[in-house]
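As they're listed, the protein sequences go chains R and F.
Taking the working numbering, the leading residue of the first sequence gets 1, the next gets one more, and so forth.
Taking the working numbering, the leading residue of the second sequence gets 1, the next gets one more, and so forth.
Don't read these hints as lab results, they were simulated from the structure.
For glycine and all other residues, C-beta sits at the position ideal for the given N, C-alpha and C.
Please note that a few of the clues may not be correct.
Each computed SDA-like pair below joins lysine to any residue, with the alpha-carbon atoms no more than 25 Å apart [said to hold, decoys possible]:
#1 K62/F to I52/F
#2 K100/F to I3/R
#3 K464/F to D86/R
#4 K391/F to Q43/R
#5 K391/F to T308/F
#6 K24/R to L424/F
#7 K72/F to S15/F
#8 K116/F to S72/R
#9 K106/F to D86/R
#10 K25/R to M345/F
#11 K68/R to Q115/F
#12 K25/R to L371/F
#13 K11/F to K100/F
#14 K263/F to G297/F
#15 K106/F to S72/R
#16 K25/R to L35/R
#17 K72/F to Q115/F
#18 K25/F to K63/F
#19 K25/R to H37/R
#20 K89/R to Q43/R
#21 K396/F to E47/R
#22 K24/R to I3/R
#23 K116/F to P50/F
#24 K68/R to P108/F
#25 K415/F to W484/F
#26 K40/R to I275/F
#27 K62/F to K72/F
#28 K89/R to A354/F
Listed next, the stretches of chain F that the computed footprint assigns to chain R, with coverage defined by at least 3 CB atoms under 8 Å from CB atoms of chain R [what the hints assert, rightly or not]:
#29 25 to 38
#30 141 to 152
#31 310 to 319
#32 324 to 336
#33 358 to 371
#34 375 to 382
#35 438 to 450
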Amino acid sequence: MSITLEEVEHIALLARLELSEEEKKRYQQQLSDILDHVAKLQQLDTEMIALASVVLPPRARLRKDEPKAGLSTGRALENAPDIEADQFKVPPVLE
Amino acid sequence: MMKSLAEFDVKTSLSLLSKGEVSSKELTGTFLAQISSHESDIHAFITATPDIAVEMAEAADKKRAELKKDGKAIPPLLGLPIAIKDVLCVDGIRATCGSKILENFKPPFTETAVQKLLDAGIVVLGKTNTDEYAMGSSTENSAYGVTHNPWNLDCVPGGSSGGSAAAVAAMFAPAALGTDTGGSVRQPASFCGVTGIKPTYGRVSRYGLIAYGSSLDTVGVIARTAEDVETIYHLMAGFDERDATSLDIPVPNQICSDAVSIKGLRIGVPKEYFIEGIQPEVEDKVRTAIAVFESMGAEIKEISLPHTEYALPVYYLIAPAEASANLARYDGVRFGLRATDDNVMRMFKESRGAGFGPEVKRRIMLGTYALSVGYYDAYYGQAQKVRTLIKADFEKAFASVDAIAAPVAPTTAFKIGEHGDDPLAMYLEDVFTLPANLAGVPGLAFSAGFDSEELPIGMQLMGKHFDEETLFKLAHAYQQVTDWHKQLPDL
Numbered sequence: 001m002s003i004t005l006e007e008v009e010h011i012a013l014l015a016r017l018e019l020s021e022e023e024k025k026r027y028q029q030q031l032s033d034i035l036d037h038v039a040k041l042q043q044l045d046t047e048m049i050a051l052a053s054v055v056l057p058p059r060a061r062l063r064k065d066e067p068k069a070g071l072s073t074g075r076a077l078e079n080a081p082d083i084e085a086d087q088f089k090v091p092p093v094l095e
Numbered sequence: 001m002m003k004s005l006a007e008f009d010v011k012t013s014l015s016l017l018s019k020g021e022v023s024s025k026e027l028t029g030t031f032l033a034q035i036s037s038h039e040s041d042i043h044a045f046i047t048a049t050p051d052i053a054v055e056m057a058e059a060a061d062k063k064r065a066e067l068k069k070d071g072k073a074i075p076p077l078l079g080l081p082i083a084i085k086d087v088l089c090v091d092g093i094r095a096t097c098g099s100k101i102l103e104n105f106k107p108p109f110t111e112t113a114v115q116k117l118l119d120a121g122i123v124v125l126g127k128t129n130t131d132e133y134a135m136g137s138s139t140e141n142s143a144y145g146v147t148h149n150p151w152n153l154d155c156v157p158g159g160s161s162g163g164s165a166a167a168v169a170a171m172f173a174p175a176a177l178g179t180d181t182g183g184s185v186r187q188p189a190s191f192c193g194v195t196g197i198k199p200t201y202g203r204v205s206r207y208g209l210i211a212y213g214s215s216l217d218t219v220g221v222i223a224r225t226a227e228d229v230e231t232i233y234h235l236m237a238g239f240d241e242r243d244a245t246s247l248d249i250p251v252p253n254q255i256c257s258d259a260v261s262i263k264g265l266r267i268g269v270p271k272e273y274f275i276e277g278i279q280p281e282v283e284d285k286v287r288t289a290i291a292v293f294e295s296m297g298a299e300i301k302e303i304s305l306p307h308t309e310y311a312l313p314v315y316y317l318i319a320p321a322e323a324s325a326n327l328a329r330y331d332g333v334r335f336g337l338r339a340t341d342d343n344v345m346r347m348f349k350e351s352r353g354a355g356f357g358p359e360v361k362r363r364i365m366l367g368t369y370a371l372s373v374g375y376y377d378a379y380y381g382q383a384q385k386v387r388t389l390i391k392a393d394f395e396k397a398f399a400s401v402d403a404i405a406a407p408v409a410p411t412t413a414f415k416i417g418e419h420g421d422d423p424l425a426m427y428l429e430d431v432f433t434l435p436a437n438l439a440g441v442p443g444l445a446f447s448a449g450f451d452s453e454e455l456p457i458g459m460q461l462m463g464k465h466f467d468e469e470t471l472f473k474l475a476h477a478y479q480q481v482t483d484w485h486k487q488l489p490d491l
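Here chain R stands alone, though its shape is the one from the complex (with noise of 0.2 Å):
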């Protein structure tokens, strides 16, 4: 299974990462490997199976509704490229 160039600058932007056209080129020939490896699940009838997201039984539960502390906006700041105002600055969003 080979993928095309434009998939690769499809998936590149729905993954937000910016790539040089030698790292497109790359990857081009490597997912393509990869895919071909993986193809090999599709031997296998699993229309009968169910899917495993998780490994062990899920336990719903919930905790108890008192009210705690929690990280403090100067701490959840520390971290910020850029602040202002208490709050983390982006570009513009909207031009």
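Start from chain R and add chain F according to the hints.
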């Protein structure tokens, strides 16, 4: 009289600390001296924290004196130095995850298992090297340089917890924390000739572990002996309400002691793990070890895990799919690298393009593809179904055996650079470790001998969900009658 460094495993260190024969400051100083002598050859750490270690050791000594004076209980690990893989958050200490994108990230909170160990009194020696986001089998994917195997500096230490395994093997620390998503504790433990546990999924909290594959990630421990690993593991395990997949199942008492009996325990040997292509010395030593278990009274049975060959393709769809979702958070907004302020879309793309290394980008691309419209059912959906089959293989096997014995990896440590830019060749290193993660079962790796190049050979025992104890018991019994785990590299 000061003992030699090699004698300072966890058990001996704790005993000397408790008797007052060594202070934490002396013990910590001994390990820091070993680090400063050999770290330039090994490069086990991304961030060594000698100043913090000395400060914590002094505080531990003071605390011990005070508690003793007041006749109060002493925390079980008080003053014991430990190294921590750089994917686990420790409040105020830089956590890079082996990535440039987190080069300056200082987490504002501490991972739960680490916090439990801090409460038990550990001293932090530093943050160990890892493949970027724990994606790799050699530490060659770290943005901070490769770690060298203490047994042969030209070889990789394994990965992704290669820094932790190398630190224990090089006697930089009596124990180190690692994480295991597809073999990342067991394979480096095997390559470095030390002992490491990958617990049952959900046994140790993941809160504060920087996420890679959330349905696979586990936090484990590497040390010299099964008994040492159990001592640390035992204090980390248990329910945490901050991890939705943490399970509220009681943690049994420690079982390793001088005399354990393994008589009558049934060990399964899966034929799918002894295949063509495996290094003959690896098979030979693992089979010899299995005979040792038999001579101690264990019952050996040949078993089959028929879907083993599908574990690799299943893993390399599920793990990248989960990674592509988990790593969406690195967008330059709240933490991590921001490459440009020009506009929002360029900020996302350029921050991620500049911050992530080649393997991380490759897995994000693969995962995004597997989850994208039109391919979801054929790739991700099919992988999840085959995962069910792999899990069922283990359930069936564990109906008739108590543990499963197998090699950890098909080969001993390979040379740095050997797999070059061939991702599939690197992925094949994980064939024997991936199934335990997919099934969520625990696995314990330990040394079963050496090959002709003097490189350690690891074997693993896999167990039933939440039955780490049987694995510790078997490995401890093995380490009572063999001395592979006592061999140390010449640095």
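ask   = Are three or more residues of the segment 358 to 371 of chain F within 8 Å, CB to CB, of chain R?
value = Check passed, 8 qualifying residues.
task = Could you grab the alpha-carbon distance between K40/R and I275/F and see if it respects the 25 Å cut-off?
result = 18 Å, holds
key: Agreement of K72/F and Q115/F with the hint, judged by alpha carbon distance not exceeding 25 Å   = 21 Å, holds
query = How about the segment 438 to 450 of chain F: do at least three of its residues have a C-beta closer than 8 Å to a C-beta of chain R?
reply = Per the Cβ count (3), the hint holds.
Coverage of the segment 324 to 336 of chain F by chain R (three or more Cβ within 8 Å) = As far as the segment 324 to 336 of chain F goes, the hint holds, because 8 residues have Cβ atoms under 8 Å from chain R.
request  = Between the segment 310 to 319 of chain F and chain R, see if three or more residues pass the 8 Å beta-carbon test, and mark the coverage as holds or violated.
outcome  = holds (count 6)
ask   = Given the hint that K106/F pairs with S72/R, does the C-alpha gap stay at or below 25 Å?
value = 15 Å, holds
ask   = CA of K25/R to CA of H37/R, is that 25 Å or under?
value = The given pair, whose Cα atoms are some 19 Å apart, holds under the 25 Å limit.
message = Checking one constraint from the list: CA of K106/F to CA of D86/R, max 25 Å. Satisfied?
response = 18 Å, holds
request  = Quickly compare the C-alpha distance for K11/F and K100/F to 25 Å and report which way the hint goes.
outcome  = 37 Å, violated
task = Please work out if K24/R and L424/F have their alpha carbons no farther apart than 25 Å.
result = 18 Å, holds
query = Keeping to a limit of 25 Å between CA atoms, is the pair of K72/F and S15/F held or broken?
reply = 18 Å, holds
Hints 2, 3, 13, 20, 29 and 30, counting from the list given before, are not met by this structure.
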